[in-house]
Amino acid sequence: MGDASLSLILAFIIFTILTLGGALGVVMNRNLFRGTIWLMVSLFGAAGHFVLLSAPFLAAVQVLVYIGAIAILFTFAVMLTRSLTQISDRFTRLWWNVGGAGILFVVLVGTVILPVWGGFTPSNDILFANVADTTQLGIALVDRGSETTQGFVLPFELASLLLTAAMIGAIVIARDADDDEKGKRS
Amino acid sequence: MSVLNEWAFVGVFLLLAPIFPALPIGIAWLLRPNKPNVLKSQTYECGVETVGDTWVQFRVQYYIYGLVFLVFDVEMVLLFPWAVAYNQLDLFAFGAGFLFIFLLADALIYAWKKDVLVWK
Amino acid sequence: MDCIGLCKLIFDAGVRNQELARFIGSLIGVLLVSGVPLLTVIVLIWVERKVAARIQDRIAPNRVGPFGLLQTFADLAKLLIKEDITPTAADRILYNAAPIVSFASVVAIWAVIPFMFANNPEGAIVGVDLDIGVLYFVAVASLGTLAIMTAGWASNNKYALLGAFRVVALLVSYEIPLVFALIIPVMFAGSMSLVDIVEAQSHMWFIFMAPVAALLFFTSSQAETGRAPFDLIEAESELVAGFNIEYSGMKFGMFFAAEFLHVFTNGILMAILFMGGYLGLFYQAIPPLGFLWLGLKGAVVYFVFLWLRNTVPRLRIDQVMGFNWFFLVPVSIINVILTSLILKLMQVSGFAPTNFATSNLGEMLPLTIVMLLKDVVIIAFILGRLGQEGRRARIEEQRANEALTAAAVGD
Numbered sequence: 667m668g669d670a671s672l673s674l675i676l677a678f679i680i681f682t683i684l685t686l687g688g689a690l691g692v693v694m695n696r697n698l699f700r701g702t703i704w705l706m707v708s709l710f711g712a713a714g715h716f717v718l719l720s721a722p723f724l725a726a727v728q729v730l731v732y733i734g735a736i737a738i739l740f741t742f743a744v745m746l747t748r749s750l751t752q753i754s755d756r757f758t759r760l761w762w763n764v765g766g767a768g769i770l771f772v773v774l775v776g777t778v779i780l781p782v783w784g785g786f787t788p789s790n791d792i793l794f795a796n797v798a799d800t801t802q803l804g805i806a807l808v809d810r811g812s813e814t815t816q817g818f819v820l821p822f823e824l825a826s827l828l829l830t831a832a833m834i835g836a837i838v839i840a841r842d843a844d845d846d847e848k849g850k851r852s
Numbered sequence: 194m195s196v197l198n199e200w201a202f203v204g205v206f207l208l209l210a211p212i213f214p215a216l217p218i219g220i221a222w223l224l225r226p227n228k229p230n231v232l233k234s235q236t237y238e239c240g241v242e243t244v245g246d247t248w249v250q251f252r253v254q255y256y257i258y259g260l261v262f263l264v265f266d267v268e269m270v271l272l273f274p275w276a277v278a279y280n281q282l283d284l285f286a287f288g289a290g291f292l293f294i295f296l297l298a299d300a301l302i303y304a305w306k307k308d309v310l311v312w313k
Numbered sequence: 002m003d004c005i006g007l008c009k010l011i012f013d014a015g016v017r018n019q020e021l022a023r024f025i026g027s028l029i030g031v032l033l034v035s036g037v038p039l040l041t042v043i044v045l046i047w048v049e050r051k052v053a054a055r056i057q058d059r060i061a062p063n064r065v066g067p068f069g070l071l072q073t074f075a076d077l078a079k080l081l082i083k084e085d086i087t088p089t090a091a092d093r094i095l096y097n098a099a100p101i102v103s104f105a106s107v108v109a110i111w112a113v114i115p116f117m118f119a120n121n122p123e124g125a126i127v128g129v130d131l132d133i134g135v136l137y138f139v140a141v142a143s144l145g146t147l148a149i150m151t152a153g154w155a156s157n158n159k160y161a162l163l164g165a166f167r168v169v170a171l172l173v174s175y176e177i178p179l180v181f182a183l184i185i186p187v188m189f190a191g192s193m194s195l196v197d198i199v200e201a202q203s204h205m206w207f208i209f210m211a212p213v214a215a216l217l218f219f220t221s222s223q224a225e226t227g228r229a230p231f232d233l234i235e236a237e238s239e240l241v242a243g244f245n246i247e248y249s250g251m252k253f254g255m256f257f258a259a260e261f262l263h264v265f266t267n268g269i270l271m272a273i274l275f276m277g278g279y280l281g282l283f284y285q286a287i288p289p290l291g292f293l294w295l296g297l298k299g300a301v302v303y304f305v306f307l308w309l310r311n312t313v314p315r316l317r318i319d320q321v322m323g324f325n326w327f328f329l330v331p332v333s334i335i336n337v338i339l340t341s342l343i344l345k346l347m348q349v350s351g352f353a354p355t356n357f358a359t360s361n362l363g364e365m366l367p368l369t370i371v372m373l374l375k376d377v378v379i380i381a382f383i384l385g386r387l388g389q390e391g392r393r394a395r396i397e398e399q400r401a402n403e404a405l406t407a408a409a410v411g412d
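Residue numbers (this note's numbering), protein chains in the order written: chain A, 667 to 852; chain B, 194 to 313; chain C, 2 to 412.
Excised from the complex, chain A in its bound form (with noise of 0.2 angstroms):
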């Protein structure tokens, strides 16, 4: 395979746009549910960096787990604490903050994304390696583990658990507040 091809290219690069203009959207924004909206923009332009990655369920994850659920959470969360007059928040101009933040963007790529970045020519090797599918999957989460493969059933276990104490903690903060709202009961 020679260099990646034109339409890989155009498509990582209006992935790219997509990913970080959402962002910039949502922090730029100030009516909130459009902020919400961006974010949606940006998730998706996360799957479609997973798809480039040969990686197509963890993109439909993306699409299904953080834009179905977890931004639908957030709109829930916005609508439902401000009327739509106030859904516009002031902008506070500290400027101070934004440039601490570009202070941070600097050293974080100096010091994580320089060291193995291997330069503006698109390599075929990362993106066509042999990637594992979903059936692999399946077999990787129940694998006791071996000399030859890395088991990951006790981490799949753990998963579990660990939505479990989610939901249970949630559970008990939201019936707290529902109690505060609608005065004790029993």
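Since the hints were made in silico from the structure, they are not lab data. You may find that some hints are simply not true.
Cut-off 25 angstroms, straight-line C-alpha distance, at most; resulting in silico cross-link-like pairs (PhoX-like, lysine-lysine) [claimed, not checked]:
| no. | chain 1 | residue 1 | chain 2 | residue 2 |
| --- | --- | --- | --- | --- |
| 1 | C | Lys51 | C | Lys79 |
| 2 | C | Lys79 | B | Lys228 |
| 3 | C | Lys83 | B | Lys228 |
Because the structure is a prediction, the values reported are computed rather than measured.
Model the placement of chains B and C on the given structure of chain A, informed by the hints.
Chains B and C only, in chain A's frame:
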């Protein structure tokens, strides 16, 4: 390479799909009359004028449903690879999957007992 | 739709650039594939009205064209020239984008639906045989939820917003039994690709092996698309039409068409996932016959959707949620656990095949019988519980009546 080819088709599909409904809407925009007046553009509220801020009453119920759905969503997403590889695995795989589902069913039973899933 | 073949054709026809050939091939493929749902929508609206009318013992529109077949076009013309009243202070971009996203998300599902058998590398005429077909379907359907939320908010109308919240809460809740029911065919076929799922049913349809899962999918689809008895989304008598109050003209028409198409798409999906898709007599010898079988099966399921819609009264929101969280979700979880248990036990002991597509009817029979038994047990259990609840409710009602009459006589 064919994976990316497949998804290129999906990409083209997703680009074109919004055009199909946009076309009739565009044609309608060309064809229809456009005579806005103050009365027509007001927010609809059974013929009465809206009073006060447009608040939606805070019901924690909406949020709880979203939360429980989120947890189950992540669970289902983790169950899909398990189901795909299921035919090739041994009995231990059932045990692992059963434990996974059981823990979350446990959380569901907790939610049930605490009456948070009831819409009031 | 063999895209590689199409692209080769174009390449040989003169477009030398491989990229461009691939793009044009994809474009033509998209147009061909999406032509099916778009043409179907036009017929669907007529079918819907006719069936609804006949069940309600009246005649549907039959003036415009023979049997009212051209009524759809008359309605289309009406919607096109209706004035579009955009409320002031509505969020212009989101207000206009919502119906488009709603319709586009339903059409996008058709990219992965296999139409008929073919001797190409994918095994079928399909837009694209994604490895994650089923997950793609669920992900795209969840984008539709998002569109409704946006529509509700962008109308700047508290009733639209309230309607949108209830709708999103309903859609989100019913996605859980839907996806749990989808795990069963995926488990049987060992793949999320829709073509593989169809091929795995070559010897036994999944609806015979997992009727409970099929029923769960059917019921959740009914709720996901906002059909009765769950149609408080568009309850015409409450909330004054819910989240699409402020929409008129063609934008409203798009929401409308998106809903009809969504129901039909779910019907086709149920046919593919549980009833064998394009499998049938001679589906390999005469591929278009497979398309006919798929259409027939999808139409049967669609008819049952319509039948249910026009027969059953509407449920209240708390009944709808209770039905989901206290009935559908536990049943779907138990179904997944029991199905996986039985499947694994039978596979380990050699009574069931591990690859459904390559086995034969004889190997599949023991598994089918045991699965059916399990489902009968589940349904019997459910009916027993329902009977208990019904008896209890009747006894309470009787007691309440007696108390009332005693009080009346006593006074």
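Comparing the hints with the structure gives:
1. Of the pairs offered as hints, the one joining Lys51/C and Lys79/C holds, with about 20 angstroms between alpha carbons and a cut-off of 25 angstroms not exceeded.
2. Restraint check for Lys79/C and Lys228/B: satisfied, since their Cα atoms lie roughly 17 angstroms apart, inside the 25 angstroms limit.
3. Taken as a hint, the Lys83/C and Lys228/B pair is honoured in the structure, with Cα atoms around 11 angstroms apart against an allowance of 25 angstroms.
Taken one by one, the earlier hints all hold for this structure without exception.
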